[in-house]
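Asks: Sequence:
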Amino acid sequence: MESNNYRPAIDKWFEAHENEMIEAVGELVSHPSVSGKPEGDMPFGKMAYEGLMAAKSLLEKKGFKVKSYENAVISADLNDGEPTLGILAHTDVVPEGTGWDTDPYKMEVKDGMLWGRGTSDDKGPAVAAVYAMCAAREIEPNLTKNCRIILGSSEETGMTDLPIYEKYEKYPPMVFSPDSGYPVTNLEKGKFGVSFSCGWVESKTLPRILSVKGGTVSNIVPREAVAVIEGLDLSAAEKVCGDISGKFSANITYRALEDGSIEITAHGEAAHASAPFAGLNAHTLLLSVLTELPIAECDGFYRLRMLSEILPHGDYYGESLGVACEDEISGKLTMNFGVFEYSLTGMSGNLDMRTPVCADDLDLEKTVFSRFGKAGIMCQTHEKMPSHYVPADSPFVQTLMQVYKDYTGLDGEPIAAGGLTYAHGIPGAVAFGCELPGSEHNIHSANERFSIYELMIGAKIFTQIILDLCK
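Under the working numbering, the letters of the sequence shown match residues -3 to 467, in that order.
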């Protein structure tokens, strides 16, 4: 059968299996497969293990021979050949959190949407991939090349499952991960994470800053940062807070506490570290206030002023830090000041940078360490990952793009992203599907959902890709 004649058979096959696929998603969702600490021979805990085994049961029920890699990853092949194509998805989920309108682990179907934790990220797409393998096997039983589905159980907790798979197997030359959106994400920026700290002898001279605290994780723009100051006149706080609020069109509040100290709160706006310009960083906003206050000179306040110079408010690209760089294919380096804490005897914090392809050839570590070092602040690298790039004109990317356009009727171009996907670092791998442009899924939030249309169109797209690339 010619490639362009597969569509009628694919449509007919999935029309007959739609209800079965919805039930399969519901079964996977019923397992709260949050990755955790090792338990016996379960490297990511019992919940993640049970979620992975539910996917294993589904594959076996559909007639596939499943291979397990230390109960961290499973795989199944379309046939006995050497895999040419790989589909990489995951069965673990983030914790359910609060605010749900439905039971997060009892999937509900409402208005054409599947509601539940993991429906979109990434159990629905994983089911689409499983059934694409089934459809391809039945529609074209004599495929000469092999497709392998790979399902992991620790994508949400650092992707530490994939090194286990890599101990035993090599990846197919072409891999896509339906753990993102359409069209193809063929370029992902690198990541450079730095923590900094320094200490000093406590100064008792007033006014003095007792504490500053903000942020919880490095990859989110902090929504709020709070400082407590002793010996400061309330009128001084009022003036500076008003001036900085007006300068940056921001919300900064202050109040007197019962012990006579002043509490100042900078109210920011959260955003992902890959797009810090979409948020408002409460840390740098608060530093702008603190460095303008009449605080008594001391080592701690000096270091705070130096930090504010290194990380000024509104500098999302590391210009003052000396790391600003960009290229045509991946854009600018972006930087997020995610976590910060200051006390009477020291301070610490961290930075999350998303680095363009050109930064792979730069010594960012040397630049950052030197800039902080001149201010007496020590640094430590806690994460360093190069960019990931598969050329847009490669036959693999072009095939994915064409099938996407054929089945959705949508246009588009390959995407360069600041966030990391499950495909990052795997040679020849890209992120592809299952979120259609403009759709809302509430991934990692309450009321996560995935449309039945996206489930079915994704499965059809994957089937066509298997047939095209494994003929």
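No wet-lab data here; the hints were simulated from the structure.
Worth double-checking, as some hints may not be accurate.
[Claimed, not checked] Calculated cross-link-like contacts (lysine to any residue; reagent style SDA-like; alpha-carbon spacing at most 20 angstroms): (1) 166 <-> 58; (2) 141 <-> 80; (3) 380 <-> 398; (4) 8 <-> 28; (5) 58 <-> 15; (6) 57 <-> 41; (7) 370 <-> 381; (8) 58 <-> 14; (9) 209 <-> 341; (10) 52 <-> 209.
[As the list claims (entries may be wrong)] If you anchor each label on the Cβ, the simulated ranges turn out as follows: (11) 231 <-> 193: 15 to 21 angstroms; (12) 266 <-> 387: 43 to 49 angstroms; (13) 359 <-> 191: 39 to 45 angstroms; (14) 201 <-> 337: 56 to 62 angstroms; (15) 95 <-> 288: 36 to 42 angstroms; (16) 435 <-> 298: 46 to 52 angstroms; (17) 441 <-> 141: 35 to 41 angstroms; (18) 166 <-> 372: 33 to 39 angstroms.
The C-beta atom is built at its ideal place from N, Cα and C for all residues, glycine as well.
Asks: Look at each hint and say if it fits the structure.
Replies: Against the structure, the hints:
Between residue 166 and residue 58 the alpha-carbon distance is near 25 angstroms, which puts this suggested pair outside the 20 angstroms criterion. For the hint pairing residue 141 with residue 80, the CA-to-CA distance comes to about 6 angstroms; that is within 20 angstroms, so the pair holds. Distance hint between residue 380 and residue 398 is unfulfilled; the C-alpha atoms sit about 34 angstroms from each other, more than 20 angstroms. Annotation: proposed proximity of residue 8 to residue 28 is violated, straight-line Cα distance about 33 angstroms (limit 20 angstroms).
As the CA atoms of residue 58 and residue 15 are separated by approximately 15 angstroms, the hinted pair is consistent with the 20 angstroms bound. This hinted pair does not check out: residue 57 and residue 41 have alpha carbons roughly 24 angstroms apart, beyond 20 angstroms. As the CA atoms of residue 370 and residue 381 are separated by approximately 26 angstroms, the hinted pair breaks the 20 angstroms bound. Only pairs whose Cα atoms come within 20 angstroms are accepted, and residue 58 paired with residue 14 is accepted, the gap being roughly 15 angstroms.
This hinted pair checks out: residue 209 and residue 341 have alpha carbons roughly 14 angstroms apart, not beyond 20 angstroms. Of the pairs offered as hints, the one joining residue 52 and residue 209 is violated, with about 45 angstroms between alpha carbons and a cut-off of 20 angstroms exceeded. Residue 231 and residue 193 have their C-beta atoms about 34 angstroms apart, which leaves the hinted 15 to 21 angstroms range violated. For residue 266 paired with residue 387, a C-beta distance near 34 angstroms fails the hint of 43 to 49 angstroms.
For residue 359 paired with residue 191, a C-beta distance near 18 angstroms fails the hint of 39 to 45 angstroms. Between residue 201 and residue 337, the C-beta spacing of about 22 angstroms breaks the proposed range 56 to 62 angstroms. Distance hint check: the CB atoms of residue 95 and residue 288 are about 38 angstroms apart, consistent with the given range 36 to 42 angstroms. Taken as a hint, the range 46 to 52 angstroms holds for the pair residue 435 and residue 298, whose Cβ atoms sit roughly 50 angstroms apart.
As the Cβ distance of residue 441 to residue 141 is approximately 39 angstroms, the hint placing it in 35 to 41 angstroms holds. Hint check: residue 166 to residue 372, Cβ distance near 47 angstroms, so the stated range 33 to 39 angstroms is violated.
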